[in-house]
Amino acid sequence: MVKNSSSIRLKTISLILVLIFTFLVSIIRSDGIVDIGATCEPFNSSLGVCVGIIPNDTIIYVPFNSSQSTMAQNATEIFNFLSLTNEECQSAASVIVCGMFFKPCTIVNTPTNNISLPSLTCQSKCMEAFQPCQIYLSQFPALSCSSVVNGEPEYPNISTSFNLTQYGGSSNQSINCNSIYTPLARNSCPEPLVYMTLEMYDTPNYFNITPTCAIPCPFEAWGNNQKTLNATSRALTSIGFICSFIILILYAVLPNKITHKMECILSFAVSTMIVSISYFIEMANTRFPCGGGEGDRYAVQDDAKCGFNGWLFQLGALSNIVWWTIICFDYFLSIRMSTYLKDNFKYFRIGIWSMLIFFSFLPLYKKHYEATPLTSGCWIDSDDNSAWQYASFYVPAWICLFFIFCFTIYSTIKIYSIYKVLKNKKVIIFTIKQSLVMLVILFNFIFICFFKFYVDAREDVYYDKIREWVACISTSSKEDCPLELPDFQFRLLQLICTTDSGLVGFFLFAIDPYLWVEVITKSNSLAAVMSYLGFKPFTSGSLSAESTDAAAPPHVAVKMTRGTTLSTRGTTFSSSSNSSMSTTSDQL
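In our numbering, the protein residues as written are 1329 to 1916.
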């Protein structure tokens, strides 16, 4: 980037004014006068100023009516101006600025007082800072490292003398100068942070934690707990995919005819498999969230893998919620003995998949898929106050959640009412199973949709934790500074809720005696395979009416009248004055 000459002159003038201010403040605050109200305090590295320059165990001189927080604010203002200089001057001058505000402190005991005295920056350190900044200071020869204040060098060679006779102390109390502060290495950051070059500032998706240091990619925000997250993700994703694949076989390959109920279940299973595939893509490469090459940039949609992965996850996650809503809706209609969904399913199919494709392609079209340090893969970014997340996912999901909640409560109440009439254990067993699964999936979707609000509310807590971690790694090795963000249990639960749909769906749809009796035993495809392998195919006659009755789960379509007919999927119960019961088979 080429800058015009007026801009360069403006920066030069601004810098000179800043350096004048810096030296003047230094002279004013280090005039050698004893401050009887001053105190010595441990250096507060959590303020994020001069971290890495000042050793973490340094005791700091705090003047009367001041605080480290105030000193940090003043130092930050000067650091902001120093950013106008070149990197060499910034690095060297940082030692002077930190030594000016955060002087090392020594406590001298006298008969009347314990007096806190500052250690001034050594002249050698001043010369080290003066040389790289010479180009900016050449017009001001009065500014030098040999200036004297109150008869004492502003930047002493060895020590500064303080007169403590009025406090019962020595007239020549000597305090060694400060030479322990060292500049951060130029073009570097504490490991594992990444130094930001000018080119990197013009590149999207670097996550700065300080003005010149960025979070590396990949980044393990939960420390040792990250292994638990990874293991849980692999296990549940693999199990969920296998379970959904089995459902695919049971409801798409084996049946002689695929009903609208089966297609709803198939769509739910397929959506779960899509989510699993998006996780498999992430697991295949530990550097998946990172951009192209070996840099530490996080992936954006222009990285083909990120755009595809984000679209895949969005399509699968939203499809999962929508198709479960349709399953609950169909269950609700069955209870009310309505064939509305069955009669109009071809329109529902077209409308639902069109809507899902639209909401997954909309962020893709506007290039809003990206990876972040706190996500394992790519999804919709939080730009514009998360407007794209709300429009493309959360609002449609919340609408679905409202209907799922209503259908679940209504269905549970109605199924229980059947049990009270029939007093049939098969009904209540199925009711418990059905209601439990519906409530588990309802909880999953609610937790996923509202987890975002919890994280947003805790954002400042997470940032404070990361700042403390940065302060630690600036003075210690990263092995001594484990980073473990709070709320790991909620993050783990969010992962489980996102990846367990396949397992829960298998429990509801695959472990179903009716499925084995009415679908598998009558499957032409399975019969052909068994004949080819030399096995005897199943025959419907091999199963008694009693076993059929026991196998049929009460997917109930209920109409309550006197002499009530209670129709369930696979079973029709006729309740009359003599309480007779008949059993018939009904296809899914």
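In short, the hints are calculated from the structure, not lab data. Here a beta-carbon is modelled for each residue, glycine too, at the ideal position from N, C-alpha and C. Careful, some of the hints might be misleading.
Here are the simulated EDC-like pairs of lysine to aspartate or glutamate, each with C-alpha atoms no more than 20 Å apart in a straight line [to be verified]: (1) K1694 to D1630; (2) K1694 to D1712; (3) K1589 to D1712; (4) K1555 to D1385; (5) K1780 to D1712; (6) K1555 to D1808; (7) K1806 to D1385; (8) K1793 to E1807; (9) K1850 to D1671.
DEER-style ranges, computed between Cβ atoms [as the list claims (entries may be wrong)]: (10) D1788 to I1848: 49 to 57 Å; (11) E1796 to A1612: 27 to 35 Å; (12) D1788 to A1632: 32 to 40 Å.
Against the structure, the hints come out as follows:
no.	hint	verdict
1	K1694 to D1630	holds (11 Å)
2	K1694 to D1712	holds (13 Å)
3	K1589 to D1712	violated (40 Å)
4	K1555 to D1385	violated (33 Å)
5	K1780 to D1712	holds (15 Å)
6	K1555 to D1808	holds (18 Å)
7	K1806 to D1385	holds (17 Å)
8	K1793 to E1807	holds (16 Å)
9	K1850 to D1671	violated (25 Å)
10	D1788 to I1848: 49 to 57 Å	holds (56 Å)
11	E1796 to A1612: 27 to 35 Å	holds (34 Å)
12	D1788 to A1632: 32 to 40 Å	holds (35 Å)
Checked against the numbered hints listed earlier, the structure breaks hints 3, 4 and 9; every other hint is satisfied.
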